[in-house]
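A.B. asks: Residue numbers for the sequence shown, in our numbering: 1 to 148.
In case anyone wonders, no lab produced these hints; they're calculated from the structure.
Be aware that one or more of the hints could be misleading.
As the list claims (entries may be wrong) - For each label pair, taking beta carbons as the anchor points, the in silico distance ranges come out as:
| # | residue 1 | residue 2 | range |
| --- | --- | --- | --- |
| 1 | Ala135 | Val19 | 18 to 24 Å |
| 2 | Leu54 | Arg117 | 32 to 38 Å |
| 3 | Glu137 | Glu24 | 19 to 25 Å |
Ideal Cβ placement from N, Cα and C applies to all residues, glycine included.
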Amino acid sequence: MTTERDDRGEVVLPPTEWVARQAELYESSGGTEGTTQLGVDCLLLDYVGRRSGLVRRTVLMYGRDGEDYLIVGSNGGSPRPPQWYLNLQAHPEVELRVKTERFGAVAATLPAEEKARVWPGLVEPFPRYGEYQAATERDIPVVRLTRR
Numbered sequence: 001m002t003t004e005r006d007d008r009g010e011v012v013l014p015p016t017e018w019v020a021r022q023a024e025l026y027e028s029s030g031g032t033e034g035t036t037q038l039g040v041d042c043l044l045l046d047y048v049g050r051r052s053g054l055v056r057r058t059v060l061m062y063g064r065d066g067e068d069y070l071i072v073g074s075n076g077g078s079p080r081p082p083q084w085y086l087n088l089q090a091h092p093e094v095e096l097r098v099k100t101e102r103f104g105a106v107a108a109t110l111p112a113e114e115k116a117r118v119w120p121g122l123v124e125p126f127p128r129y130g131e132y133q134a135a136t137e138r139d140i141p142v143v144r145l146t147r148r
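Produce the complete structure using the sequences and hints provided.
C.D. replies: Right, here's the structure in full:
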């Protein structure tokens, strides 16, 4: 992942204050704190902004499919996908922190049949995903993160 940092050489945190606080806690603790949200495991996703070229970071709930990690582009059921999802489409090479481990991964949106297979396992720990899908005409994407 070849990237540029912000003016101070740092990763750009999300504009939503509580997400930025959780991302800072997760990273500064080395992955020992801030690793869950509403009882669901979370990871840190570092990705490249498609327009800015800057490294950005967000915290996302995740599920597993074998060795891979699954993240959901729900954006709270909004008709538009989250910005991080649009950036992954442009730059699929990412860096993850999953608890105390940091590693590179490649992002790929699941095709419909694969999404149908894994969707129940993502909705079970976080039922709001089902509510979000019901509230929008947009097909909420599921992204597979495969370790590089």
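A.B. asks: Taking the hints in turn, state whether each one holds.
C.D. replies: Quick rundown of the hints versus the structure:
1. Ala135 to Val19: 18 to 24 Å: Cβ of Ala135 to Cβ of Val19: about 21 Å, so the range 18 to 24 Å holds.
2. Leu54 to Arg117: 32 to 38 Å: holds (35 Å)
3. Glu137 to Glu24: 19 to 25 Å: violated (35 Å)
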